[in-house]
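A.B. asks: These are the residues of each chain, in order.
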Amino acid sequence: MAKPNSFLYISLCLVVLFNGCLAKRWQQQQQFNQCQLDRLDALEPNNRIEAEAGVIESWDPNNQQFQCAGVAVVRHTLECNGLLLPQYSPTHQLIYIVQGRGYLGTVLPGCPETYQDSQQQQQHQQEQEQEQGQSRRFRGDRHQKIQHFRQGDIIAIPAGVAHWLYNNGDSEVVAVSLLDLNNQANQLDENPRYFYLAGNPEDEFQQQGQGRRQQQQHQQHEQQNNNNNVLSGFSSELLADVFNMDVQTIRKLQGSEEERRPRKNIVKVDGELQVIRPPRSRQEQEREEEREHRQSGRGRDVDNGLEETLCTLRLRENIGDASRADIYNPEAGRISTLNSNKLRLLNWLQLSAERGKLNRNAIHVAHWTQNAHTVIYGVRGTARVQVVDDSGRSVFDDELQQGQVLIVPQNFAVVKRASSEGFEWVAFKTNDNAQITPLAGQNSVIRAIPADVLANAYQISREDAQELKENSQDIALIRPSRTSSERRVM
Amino acid sequence: MAKPNSFLYISLCLVVLFNGCLAKRWQQQQQFNQCQLDRLDALEPNNRIEAEAGVIESWDPNNQQFQCAGVAVVRHTLECNGLLLPQYSPTHQLIYIVQGRGYLGTVLPGCPETYQDSQQQQQHQQEQEQEQGQSRRFRGDRHQKIQHFRQGDIIAIPAGVAHWLYNNGDSEVVAVSLLDLNNQANQLDENPRYFYLAGNPEDEFQQQGQGRRQQQQHQQHEQQNNNNNVLSGFSSELLADVFNMDVQTIRKLQGSEEERRPRKNIVKVDGELQVIRPPRSRQEQEREEEREHRQSGRGRDVDNGLEETLCTLRLRENIGDASRADIYNPEAGRISTLNSNKLRLLNWLQLSAERGKLNRNAIHVAHWTQNAHTVIYGVRGTARVQVVDDSGRSVFDDELQQGQVLIVPQNFAVVKRASSEGFEWVAFKTNDNAQITPLAGQNSVIRAIPADVLANAYQISREDAQELKENSQDIALIRPSRTSSERRVM
Amino acid sequence: MAKPNSFLYISLCLVVLFNGCLAKRWQQQQQFNQCQLDRLDALEPNNRIEAEAGVIESWDPNNQQFQCAGVAVVRHTLECNGLLLPQYSPTHQLIYIVQGRGYLGTVLPGCPETYQDSQQQQQHQQEQEQEQGQSRRFRGDRHQKIQHFRQGDIIAIPAGVAHWLYNNGDSEVVAVSLLDLNNQANQLDENPRYFYLAGNPEDEFQQQGQGRRQQQQHQQHEQQNNNNNVLSGFSSELLADVFNMDVQTIRKLQGSEEERRPRKNIVKVDGELQVIRPPRSRQEQEREEEREHRQSGRGRDVDNGLEETLCTLRLRENIGDASRADIYNPEAGRISTLNSNKLRLLNWLQLSAERGKLNRNAIHVAHWTQNAHTVIYGVRGTARVQVVDDSGRSVFDDELQQGQVLIVPQNFAVVKRASSEGFEWVAFKTNDNAQITPLAGQNSVIRAIPADVLANAYQISREDAQELKENSQDIALIRPSRTSSERRVM
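Chains as they are written, first to last, in the numbering used here: chain Z, 1 to 490; chain C, 491 to 980; chain A, 981 to 1470.
Think of the hints as simulated: they come from the structure by calculation, not from any bench. The model shown is predicted, which means the values in this text are computed figures rather than measured ones. In this text, a Cβ means the ideal position worked out from N, Cα and C, and glycines have one as well. It is possible that part of the hints are untrue.
Said to hold, decoys possible - Examples of chain C residues toward chain A, derived with CB under 8 Å:
hint, residue
1, 575
2, 576
3, 681
4, 687
5, 731
6, 734
7, 759
8, 849
Just chain Z, with the same shape it has in the complex (with noise of 0.2 Å):
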């Protein structure tokens, strides 16, 4: 037994134990025939919050696409200086960074709070406050581990895990998040949700409910002065026994004060924020991101306990950058993947993501994908794209745009021919290893089948069948030498 391989299984022994810690059960409510599409659509979120630093926009999640994939997609703009409030969702989540730079903060229970103050820090850190008027007596601070995020970063936020992110760029950050509902994680119904900790949060799904929320939307405007933080609902004198603290103060904590002037589920930090964190550059960062890639990859929890190893566990992962390309054209463009392989979370939550760049006029060939339903989002520029279901129908033929959301279901065939400004796109997967399917070009079904069955099913000559053979020898991404127009003369 040579050292790798048993390393490699023992790897895949711990992946599965923490597979086992989330639930394995679901309970979404399943229409009829609610993947029979007639029709699919590129479609634009149709709820949008306004927030003190930020805007939230949702995707109508009872649409019969998003219904088919069982998924609800949001995306969130930060300001400089947002805070989005600590929140939690009963559905795994996977964030795209679209753009911008910032902070993620996760709460692991039973994980040690690992950044503390120095002394000197503090000191450093209250001269800073000083400096900005501020002159209150500042004791040490400790917390769980904070996350560096950027531009082009998949974030995987496990069921129940409550996280809150801050924009620390010049810019705004831009995310886009995934919650998958028909996940077994998620032992509530169909509808998305999010819990949140503090704040007068709007719910990001209401104008979009049937039923009880609509009722309940209702009465807000009735009430008008409602507050909805999860610890709103709880007896403030409880809480005070609690939190051992005030009920003044529990009463802030509850989102009360803030009735008149919500500041909604993003608000603003005066000055900076001002968490604990390694000094850093850019290019420390990055060094230090590949020295903790190569080392989850070499499995650096092996020799810890399984709770450290769950609390060090990475939660992220570039997949813009040119460098992490899996298919690589430099005329077509490249696709990087992002799979349980290679981020050992996504193995616990069943998910996987694509990050895909066609230049002007490229193709990414016709494929399909065996066990995964694909929620792509336009990232930069437009394509013309085509999706096929079982019947040999078109159930799509049109423009997807940036910002736009499209949904292919399993095993439907797809095809995208970027436009002359080329087209960029993050593809999100419900399987960790999403297995895909190309018709053409290498590791495709044409090369795959005997040239005698395809002359015998295409009614084609086996000359025919040899040449359709040969001609696929490129890999995913092709840049048509000639064009459609040329070709139909031929």
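Chains C and A: place on chain Z using the hints.
C.D. replies: Positioned in the frame of chain Z, the structure of chains C and A alone reads:
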């Protein structure tokens, strides 16, 4: 590769294997918005079967709370010498022994009959029989392993495994069972079902079902002579061939003889039940349990084949004793949890349990369960419980009393304060490793989040944020030193 | 750590990995009380497609029995030289070869094309072609591995994997396929679907669908020139670029040429299909199978990388031969089971199969399956079958004949008695390791339970209980020595 590590991982793999043994699929009815609960209720059973030697009470599985959690709950009360007839269910089950002691027999097909009468024992038993005036000639018996159970035990029964319970103590046995309908092991629909192998049992969920069941019940009233153990549905002649017995005896197995005087689901054993069991005192029993427990922790099954592993799998663990507490505060109370790390079978069942005890006026701090529903059963005393949903609304703010069930859906926040008589509960969780995030105290959100995030999120001063964190030093169980009324004045 | 052990566990881990490769989620329509079945029926197919070189028959997936089990069943009959066009499905499939022999080709993307023409073979084939009057110049081919199949084989096809079947024998090939719609691998809705890569196939489940499909069918009748392989839904110009071929050929791939004379799903190959395959005699074939089988048992894939492991994964296993029997009674018959311990891929698919043969008047003793539905297909002869539900009602008491399907839901008890002509069947089970509990015989409930429990449960004497146990020495297949009528007189 250090030995202890390799050992651990191998054990995990084994667990995974067992996990694979039962189905990864299910088919539950899913209702629209089934977890859009306006209000939760502390529920009492609303169906009751009075059997010959005990009572079966069940909670309405069509109640919206139960539908949201996808579970059913039943309470069995066995009189002394009461025998719950052999039965099985398509769902996994957890049983908590509220009081009493007795035997549990399970049928694991393919496992050997390892309990056998010695000649001596037979003679002894024959003598006993003769003393009791029974003069029948008696041949030696042999059967599968039998387990003792006692107050505070959790018993895990996999889907489809036939089992029986017998009260061999001198007081009633009270057992509360959770049936996990939404687990993939249950491939039938959302209706809870028990299949009986003997007797003329009544349907535990009869009065609550819809459609077919009501109709069927109606037919029963007309036909009167309904009998419904599984054998009764086969033709007597075919069974006579199968069992190689005369039709007369077969008719008895089918329960046809009992029509006029049905003993129903729990029958009285004449004298004491004569089963083979190792002789032992109470101390011996506890010592043996301790030994079994140690062995199971050390992975005794590594050297054995798979079948033997399944056959010697531990089905039972005591969480009632104070010595098993995982969280302990002599002033406030204690909590013992039973997850798949302690009882391996739970990994397969995807269920876990918690046994809690709050002293008078003590508080179990506000928290949410990340990855599971929580089904709380009041064992003793009363508590005031508050539950909050995702929109910050209080969906429960009431007393939870002994004998009542309250379901806290995944991610809903909950706090409990014991009354002046204290409160004890058992909670079933729909995940084998339920993760809890406390809002306050050690390991809480408040302590994991940087003080400046708290200050900005709650619009409190940084000093207050720091105090909030520093005051949260307690464990999850607290006994407030000051009363709420005192605090309110502050 | 002993070598054999470490070996076993590593294999398990690998299996777990594959398991993770396909989705852990699904989205089936769930009806209220869908398993509240008043009556089961032995069903024949009710949809039929007459193709150029064969017939496809399917069972109505909307039938309540099929809805309860969440499966669909299709029977393919391929004439000599018939080719089932390349297709794939979002569900896992098990195929049983009822009769005949042929080739199976699968497309595993990322796996190499390992079958290549040698120069010699090419010449030989060219000569053959010339003899057949074909004078085309022929270039060497290369394609993925092809497998032989023969009567008694179970073939496992994962979701989304394209495959084709060809009859190279001298009699019809008859194949029965199970599509597991409720498995999490299927992320689409409850409707069974095949995606075809060539030809003008008809929808196998067309006449049975509802809503959209009926409408669509209606449109077809009006439009007449419907063609529906997946390629037909893309624009010809885009495909011309993708395949780097002229539009004329692309139109052929799309099936547009075939409009007037559709060959449908199964087409006739002119002459014999020319694929590359190792030359071998029947004995060689069997010897090779034996070798493959041994290797797979010994875990040949441990030394290879993961991709190669997937690429050399065994998809096929014969359970038709008497030599593979797991339960054997020369007087009564035999049963062979194929579970994930024998064919590793089944762990991923969560399916297993059973092949049974009862001699005239022999009985397969009453039993229930703990963790799976059972889909029985009658292969030869007839049997009287009785099925009993949870309330002890007989829901089936009738003949099951060759060519019929009967579904026995999870935990329902079933007994079979062959007619005077005997009975053979294949059963698909919706669990990779279906656990059966017999009511009588070895390993049965009766033998596992203490005699005194039986005596008290059934109100029979302890002697009768003991006799009941002692008479249950037989294995699951019995040939009653006395007839039922004789017994009745006793």
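A.B. asks: Hint by hint, say whether it matches the structure.
C.D. replies: Outcome of the hint check:
no., hint, in the structure
1, 575, "5 Å, holds"
2, 576, "6 Å, holds"
3, 681, "7 Å, holds"
4, 687, "6 Å, holds"
5, 731, "4 Å, holds"
6, 734, "4 Å, holds"
7, 759, "5 Å, holds"
8, 849, "42 Å, violated"
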